[in-house]
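S.K.: Here are the chains, one letter per residue:
Number of protein chains: 2
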Amino acid sequence: MHDIEILGNKEKGLEFIKQTEQKKFIFSLVISYTETSEIPGITMAGEHPDLIKFTGPADAEFIHYGYCRSISVIPMTPDGKPTPALLTKTALEAASIPSVVINAGSKVSPKLPFIDMGLDCGKNIGKEPALSLDDVGKAVEYGRIIGRFLGASTDCVIIGESIPGGTTTALGVLEGFGITGFVSSSMPKNPVNLKIQTVKDGLKRLRSKDPFEIISQLGDPMIPTIAGILSTASEISRVILAGGTQMAAVLAFAKSMGFDGKNTAIGTTSYVTEDNSANLVNMILQILDIPILVAKLKLAESKISGLNSYAEGFVKEGAGAGGASIGCMLKTGIDAKGLLDLTEKEYSKIT
Amino acid sequence: MHDIEILGNKEKGLEFIKQTEQKKFIFSLVISYTETSEIPGITMAGEHPDLIKFTGPADAEFIHYGYCRSISVIPMTPDGKPTPALLTKTALEAASIPSVVINAGSKVSPKLPFIDMGLDCGKNIGKEPALSLDDVGKAVEYGRIIGRFLGASTDCVIIGESIPGGTTTALGVLEGFGITGFVSSSMPKNPVNLKIQTVKDGLKRLRSKDPFEIISQLGDPMIPTIAGILSTASEISRVILAGGTQMAAVLAFAKSMGFDGKNTAIGTTSYVTEDNSANLVNMILQILDIPILVAKLKLAESKISGLNSYAEGFVKEGAGAGGASIGCMLKTGIDAKGLLDLTEKEYSKIT
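Residue numbers (the working numbering), protein chains in the order written: chain X, 1 to 351; chain H, 1 to 351.
No wet-lab data here; the hints were simulated from the structure.
Treat the hints with care, since some could be wrong.
To be verified - Facing chain X, according to a computed beta carbon distance under 7 Å, are these residues of chain H, among others: (1) 22; (2) 95; (3) 98; (4) 100; (5) 108; (6) 142; (7) 145; (8) 146; (9) 149; (10) 152; (11) 155; (12) 281; (13) 285; (14) 286.
Claimed, not checked - List of simulated lysine-lysine pairs, DSS-like, C-alpha gap at most 27 Å: (15) 23/X / 298/H; (16) 24/X / 24/H; (17) 123/X / 111/H; (18) 23/H / 296/H; (19) 10/H / 255/H; (20) 337/H / 111/X; (21) 24/H / 111/X; (22) 123/H / 111/X; (23) 53/X / 111/X; (24) 18/H / 23/X; (25) 107/H / 23/X; (26) 23/H / 345/H; (27) 296/X / 262/X; (28) 24/X / 262/H; (29) 107/H / 107/X; (30) 209/H / 111/H; (31) 111/X / 53/H; (32) 23/H / 18/X; (33) 24/X / 296/H; (34) 107/X / 111/H; (35) 18/X / 127/H; (36) 209/X / 255/X; (37) 345/H / 12/H; (38) 18/H / 24/X; (39) 24/H / 262/X; (40) 111/H / 53/X.
Note that beta-carbon positions come from the ideal geometry of N, C-alpha and C, so glycine has one too.
Generate coordinates for the entire structure from the input sequences, incorporating the hints supplied.
M.R.: Written out as structure tokens, the structure is:
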């Protein structure tokens, strides 16, 4: 698979690829919300403050329908940079990978059937605890139930996320667990200082190194949900954690509950691993010795400037785009060029 | 499989069994609610009027946890007749069949993760329309999305239901579609006259024979939801409609939308097919020429009188018990005697 690069544990990565080629996949998108995203300048997900809360629902709807129902606008910036959900949809459709949406505290419900976690949205970690200890426990427990169901129903579960402001809460959780490294961002000029200040404000409230306390003070509802799904799904199937530094935060929390990395790989795009202001691979390897599968997408070769922008440091990843692309390549054998052609066709449908 | 009897189309039934033996199954329980259940004397699901609304959630929780979270009582009548969810749980656990709960208008949310349809509970069909035409459409559309996901994730989807008062709405829908036959009941003295009067009151409102109008006036949110799931899941996998006359109503509606019975069987218990006041087989065959798989359970041979009562005309079926038992027998090869032993062990855990 010359368009999937293996970073981290190469041997486990080769084994992972061998075991999942031409196999069955399920894609799950965990949508969530943190009020941390409302801090001015911290995220570009959502053009306007009032639209931020639609980020997760819009991604979920786009993947299912090819358009958004909760908002009437086309999910791209005015200059034509599309949502990464475009890559996710293209990959899932090309490989006939079934997908399911999990609502872990989204502020708005998406207009499609979804698995409900019964969680409130996360609070602004710069000001107050993100969620109660009870809700951390509930997220893990319900996640474990979902993970058992998904893991028993396929050979490989891909788990993506869509949570505006989620890189800041991921940074908070990683700091809480003592993992160092900067967090990636959807913006080319990563607003690192603003994120660090927000996390510092949150760290002041931390009264112990208890993992549940760290998530409660600095996290968001997505992190314990995916950690729960991961812990049970990986017992009975392979798991691709589709995302960048948010998935590092998931791994750090899962490890604190006894997870050892079994059957699990990170799946992301080369635009994240090549991001200078973040260092995903080092962060992951500080936590667990697992493979990082990198989809070497060829968006720079596109004639469409909105797609080129991914290679120029905008967006880079999100809505499980990297993991879905890897799943598609593993299941069907398609290469990155073939995937680009399909992505351009999908792009032309929405413009 | 000498403990599974085939009624209806025997040839298709043998083929169905051959194609699903030792294969993968998923069980889905659709929980719902109709205010028709609040008509005094129409249902025995739920001892007390205030408890009726917990029937679906309690069944869902029992299947997942082995106990109920939303109510503190043990889910059985004071004289020891257990919920049919006991049979469902035993069968699913014995065969390691993954299960998922779908909330199609339950009045109360169950305390576990579930797929939410975003539907209100059904109204009393004796007094007013059950649900709006828009909600019938939404139930079908969302059901179709869920069916695609479930069908792509397994070899055979078992669909059960739990809706108190659901036999009356099923009767209403069957009457609306011109299917004749009496509807089964969870009570030994089937309160046929009360059901018929309720349906007659509803039929007065019916202004056309449009299928969506029939469901809107006389149905409940469960029927269009399962019809939607059935229509897409059966395109890519086998489907067992686990239940009695409610599933006949589902079939009648699905047929009106073009469903031809492909890859589908009814799965139920012999206590339903032997019920004199109902005639499931004839009803099904008036609709579609499909097989009816009957789990010949041996509850009459139990030393536990609460289990004997099933064979004496109480409860008989519910929460997908018959279909789950058939799935368990098909997947593992266990016989009815083996299943009875496991059921007795499960019974002793809750008493």
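S.K.: Taking the closest Cβ pair, is residue 142/H under 7 Å from chain X?
M.R.: Hint on residue 142/H: holds, closest Cβ of chain X at ~4 Å, below 7 Å.
S.K.: Has the given pair, residue 23/H with residue 296/H, been kept, meaning a C-alpha gap of at most 27 Å?
M.R.: Holds: residue 23/H and residue 296/H sit about 21 Å apart, inside 27 Å.
S.K.: Need the status of pair residue 24/X, residue 262/H: alpha-carbon distance at most 27 Å?
M.R.: holds (24 Å)
S.K.: Using Cβ atoms only, decide whether residue 285/H comes closer than 7 Å to chain X, and label the hint accordingly.
M.R.: Given a least distance of 32 Å, the restraint on residue 285/H is violated.
S.K.: Check whether the Cα positions of residue 107/H and residue 107/X lie no farther apart than 27 Å.
M.R.: holds (22 Å)
S.K.: For a C-alpha distance cap of 27 Å, please report whether residue 337/H and residue 111/X respect it.
M.R.: violated (46 Å)
S.K.: Residue 281/H was flagged as interface toward chain X. Is the shortest Cβ-Cβ separation under 7 Å?
M.R.: Check failed: Cβ of residue 281/H comes no nearer than 32 Å to chain X, outside 7 Å.
S.K.: Would you check the hint for residue 111/X and residue 53/H, treating anything up to 27 Å between C-alpha atoms as holding?
M.R.: holds (26 Å)
S.K.: Quick one, are residue 18/H and residue 24/X close enough, alpha carbons at most 27 Å?
M.R.: holds (23 Å)
S.K.: Compare the distance between the alpha carbons of residue 18/H and residue 23/X with 27 Å, and conclude whether the hinted pair is satisfied.
M.R.: Holds, because 24 Å separates the two Cα atoms, which is no more than 27 Å.
S.K.: CA of residue 123/X to CA of residue 111/H, is that 27 Å or under?
M.R.: holds (23 Å)
S.K.: Check the hint pairing residue 10/H with residue 255/H against an upper bound of 27 Å on the C-alpha distance.
M.R.: This hinted pair holds, its Cα atoms lying about 20 Å apart.
When held up to the earlier numbered hints, the structure conflicts with 1, 2, 5, 11, 12, 13, 14, 15, 20, 21, 25, 30, 33, 35, 37 and fits the remainder.
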